[in-house]
Amino acid sequence: MFKILQIPADMQNEYRNTESMMLTGLEAFVFDYEVKWPLSLVINGKALAYYQILFRHLFYCKHIERLLGRVWYLNKKTKSLPRSELCFYAAAFALRQRMLNFIQNLDYYLTLEVIEPHWNDFFRKISQVTNVDEVLFCHNDFLEKCVGDCMLTNPRLFQVLATLMTLCADFSIFLQGIMRCSMDVETSTMGDSLLFSLQEQPLSDLSSCPAALENFQEQIANFEKKFDQSIICMLHILHSVHQSKQTSKIINMLYRLDFSRFYEEISLKKMESYDDM
Numbered sequence: 001m002f003k004i005l006q007i008p009a010d011m012q013n014e015y016r017n018t019e020s021m022m023l024t025g026l027e028a029f030v031f032d033y034e035v036k037w038p039l040s041l042v043i044n045g046k047a048l049a050y051y052q053i054l055f056r057h058l059f060y061c062k063h064i065e066r067l068l069g070r071v072w073y074l075n076k077k078t079k080s081l082p083r084s085e086l087c088f089y090a091a092a093f094a095l096r097q098r099m100l101n102f103i104q105n106l107d108y109y110l111t112l113e114v115i116e117p118h119w120n121d122f123f124r125k126i127s128q129v130t131n132v133d134e135v136l137f138c139h140n141d142f143l144e145k146c147v148g149d150c151m152l153t154n155p156r157l158f159q160v161l162a163t164l165m166t167l168c169a170d171f172s173i174f175l176q177g178i179m180r181c182s183m184d185v186e187t188s189t190m191g192d193s194l195l196f197s198l199q200e201q202p203l204s205d206l207s208s209c210p211a212a213l214e215n216f217q218e219q220i221a222n223f224e225k226k227f228d229q230s231i232i233c234m235l236h237i238l239h240s241v242h243q244s245k246q247t248s249k250i251i252n253m254l255y256r257l258d259f260s261r262f263y264e265e266i267s268l269k270k271m272e273s274y275d276d277m
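Just so we're aligned: the sequence shown equals residues 1 to 277 in UniProt numbering.
Any given hint might turn out to be false.
Calculated lysine-lysine pairs in the DSS-like style (CA-CA distance at most 25 Å, straight line) [said to hold, decoys possible]:
id : residue 1 : residue 2
1  : 125       : 36
2  : 226       : 145
3  : 62        : 225
4  : 145       : 46
5  : 125       : 225
6  : 62        : 36
7  : 76        : 62
8  : 125       : 62
9  : 125       : 46
10 : 46        : 225
11 : 46        : 36
12 : 249       : 62
13 : 46        : 226
Rather than coming from a laboratory, the hints here were simulated on the basis of the structure.
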């Protein structure tokens with residue numbers, strides 16, 4: 001999409017290669033708006049694309065947060081299990097909490113530390129403009145700052161961010177499959193909203209099946225390993241971006257992700273193990 005923004009509008013349809021894009025409906029969901037003249041002078045095609053990019057990013061973050069919230073329901077189910085079996089799920093729920101902390105910190109950073117301050121600054125500047133050119137400059141500056149500080153313009157940073165969100169989604173789907181709960185979707189009589197009602201099914205008895213238990217533990221360990229590696233990689237990129245002074249707000253995300261230096265200690269332990277080898 002960012003490459004499309006750099007080419008003429010009449011060539012955009014030729015540039016798009018939809019055959020290579022494997023997106024779900026939620027990943028591709030976006031609002032469109034037909035801007036009438038003279039408002040189209042300010043909200044042109046490029047500006048509208050920036051808004052769509054920001055919306056898709058925020059929407060998908062909320063979707064991942066909701067998936068992880070559903071996994072929290074598993075905690076309630078495991079309370080009925082014997083104490084000897086609870087340890088099988090401890091690592092899974094600890095990882096779920098770390099993933100949820102990551103998504104919630106990301107959401108807080110995007111909305112309250114990036115978009116809202118830039119929006120307030122934009123309104124302050126727009127109240128002082130005297131012509132359309134100044135309006136265009138202030139508006140474009142607002143959008144470029146938002147997209148940049150939301151970590152969408154750095155390819156390496158965006159790639160690891162997408163990897164983390166995919167891991168969170170896959171992990172949530174995996175654990176919900178273990179619980180084997182069925183979901184009925186009913187249309188509300190009060191409107192078009194959907195009501196989701198969970199019909200509880202027995203939680204999988206992993207202790208009675210050693211093969212299933214071993215596979216479950218391997219899957220959780222694999223998710224944890226990939227998540228830790230991706231977080232550490234993201235922290236290194238954030239530190240590099242901060243050092244290059246490309247943006248002043250990235251440091252907030254850096255502190256939020258590793259406020260207790262948990263991932264720093266993991267990284268140091270891995271480096272020590274490599275040195276011992």
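Hint-by-hint comparison with the structure:
Between the alpha carbons of residue 125 and residue 36 the distance comes to roughly 24 Å, so the proposed pair stays at or under 25 Å and holds. With a C-alpha separation of about 31 Å, the suggested pair residue 226 and residue 145 falls outside the 25 Å cut-off, and the hint is violated. For a cut-off of 25 Å, the pair hint linking residue 62 to residue 225 stands: about 24 Å separates their Cα positions. For a cut-off of 25 Å, the pair hint linking residue 145 to residue 46 stands: about 14 Å separates their Cα positions.
Among the hinted pairs, residue 125 with residue 225 is inconsistent with the structure: their alpha-carbon atoms are about 46 Å apart, more than 25 Å. Taking the CA atoms of residue 62 and residue 36, the gap is near 31 Å; set against the 25 Å cutoff, the hint is violated. Pair hint residue 76 plus residue 62 holds up; C-alpha atoms about 23 Å apart against a cutoff of 25 Å. A hinted pair counts as satisfied when its Cα atoms are at most 25 Å apart, and residue 125 with residue 62 does not qualify at roughly 30 Å.
With a CA separation close to 21 Å, the supplied pair residue 125 and residue 46 stays within the 25 Å bound. A threshold of 25 Å between alpha carbons decides the hint, and for residue 46 with residue 225 the separation of about 39 Å lies outside it, so the pair is violated. Only pairs whose Cα atoms come within 25 Å are accepted, and residue 46 paired with residue 36 is accepted, the gap being roughly 15 Å. Distance restraint check for residue 249 and residue 62: the Cα-Cα separation of roughly 21 Å lies within the 25 Å cut-off, and the hinted pair is therefore satisfied.
Between residue 46 and residue 226 the CA atoms are separated by roughly 36 Å; this puts the pair beyond 25 Å, and the hint is violated.
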